[in-house]
Amino acid sequence: MGEQILRVKFKPGTSMSERFDVIVGYLRQLIEDGIRDQYVRQKAVEIVNRAGIKQHDELGEIRAIVKWVQNNVTYRKDPFMVEYFMTARRILKDVEKGASAADCDDFVIVAASLLGSIGYPAGAIIVDSNADGVFNHVMLCTRTMGPTREYGSKWIVAELIFPNFKLNQSVKVSKVYPLIADPSTTRLPIHRQQIAGGMNSLGSIPSAKSGTGYQHPYSRMLNGLRGR
Amino acid sequence: MVWMGGTEEDDMDNGFIPVIDGALERDANETAQLQLGNTDMMNMHTDQSAFNVMNDRKNLQTHGLAGMPNLPIPRRNLLGRIANNKETAMMLGVGALLGVGIKALWDFRTK
Chain Y
553 MGEQILRVKF KPGTSMSERF DVIVGYLRQL IEDGIRDQYV RQKAVEIVNR
603 AGIKQHDELG EIRAIVKWVQ NNVTYRKDPF MVEYFMTARR ILKDVEKGAS
653 AADCDDFVIV AASLLGSIGY PAGAIIVDSN ADGVFNHVML CTRTMGPTRE
703 YGSKWIVAEL IFPNFKLNQS VKVSKVYPLI ADPSTTRLPI HRQQIAGGMN
753 SLGSIPSAKS GTGYQHPYSR MLNGLRGR
Chain A
99 MVWMGGTEED DMDNGFIPVI DGALERDANE TAQLQLGNTD MMNMHTDQSA
149 FNVMNDRKNL QTHGLAGMPN LPIPRRNLLG RIANNKETAM MLGVGALLGV
199 GIKALWDFRT K
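Chains Y and A are the protein sequences, given in the same order.
Just so you know, we're using the working numbering here: the first sequence kicks off at 553 and counts up by one.
Just so you know, we're using the working numbering here: the second sequence kicks off at 99 and counts up by one.
Calculated directly from the structure, the hints in this document are not laboratory data.
Errors might be hidden in some of the hints.
Claimed, not checked - Derived pair list, reagent style BS3-like, types lysine-lysine, alpha-carbon separation capped at 27 Å:
#, chain 1, residue 1, chain 2, residue 2
1, Y, K706, A, K209
2, Y, K629, Y, K619
3, Y, K724, Y, K606
4, Y, K706, Y, K718
5, Y, K629, Y, K649
6, Y, K724, A, K209
7, Y, K629, Y, K727
8, A, K156, Y, K706
9, Y, K606, Y, K629
10, Y, K619, Y, K727
11, Y, K718, A, K209
12, Y, K727, A, K201
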């Protein structure tokens with residue numbers, strides 16, 4: 553279950569803002585789930601240890617994780633008009649099997665989960681990679697806990713889908729939408745939530761109205777009771 | 099499988115897109131020379147705009163990131179809690195101006 557792929561396909565007529573809400577909700581929750589996953593933490597520790605990063609070298613740890621993701625996860629586009637979201641554990645296992653195929657949001661899910669699991673604030677930033685104001689791409693954002701000589705206390709961003717990009721290097725963007733994961737969340741992981749046909753569990757996913765249009769019977773009943 | 103309009107049976111019926119020519123099965127040296135895509139991204143213009151926009155004060159405030167409990171970590175020193183070099187310079191500048199101002203006022207009153 554923890555190695556699930558979520559397949560999100562929108563009903564025709566779903567507005568762009570509704571689609572955006574759904575995607576943003578899944579992205580943030582999958583990062584939070586990854587941060588809480590012990591398997592992910594073990595992998596993060598293994599990566600920084602193998603890279604020979606000294607303890608307390610925060611920027612070194614961030615660089616090691618970013619480089620590992622850039623070099624080991626393989627970029628493949630999702631099917632046409634369908635959005636896949638993978639759990640961090642699934643992506644890591646795919647890499648181990650040599651069957652990695654992930655797009656930009658999956659890259660960010662795994663990198664932010666790895667960083668978050670070893671104590672860094674991490675999340676995604678949705679950007680307009682054509683600098684035209686239309687959000688179409690996702691990058692990683694994180695920061696060190698203490699100020700560093702290079703970046704002070706600023707947020708660090710990383711383009712993960714190109715192995716030769718350095719920290720903070722990106723194509724030209726004009727707009728960003730940051731989603732910082734909350735590692736202290738106590739909600740159920742996505743793979744334990746009741747999701748059928750789309751985006752409707754009874755719990756914490758942004759809105760029962762947004763999404764694919766499908767409503768779980770319990771949601772319908774709850775909405776009916778609320779309406780009375 | 100027989101393709102529409104044809105009569106000959108072919109063996110590419112395993113449901114997957116067939117690998118024609120073995121283009122994807124050549125050895126590593128040949129594959130490196132295939133140049134099937136734009137993975138080198140030679141012409142891609144890059145900058146630090148994502149970093150700059152992300153750390154823009156207005157953006158941080160809009161998304162509630164300016165008030166992260168650990169952002170920034172202040173250093174304790176003789177002048178109090180100072181977060182960075184900019185604040186140090188500001189404190190020294192204000193201190194100098196204040197000193198010169200007080201001296202000027204003193205001179206004006208007493209001389």
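Open item on the list: So, against the hints stated earlier in the document, which numbers end up violated here?
Closed with: Numbers 1, 3, 6, 9, 11, 12 - these are the hints that the structure violates, sorted from lowest upward.
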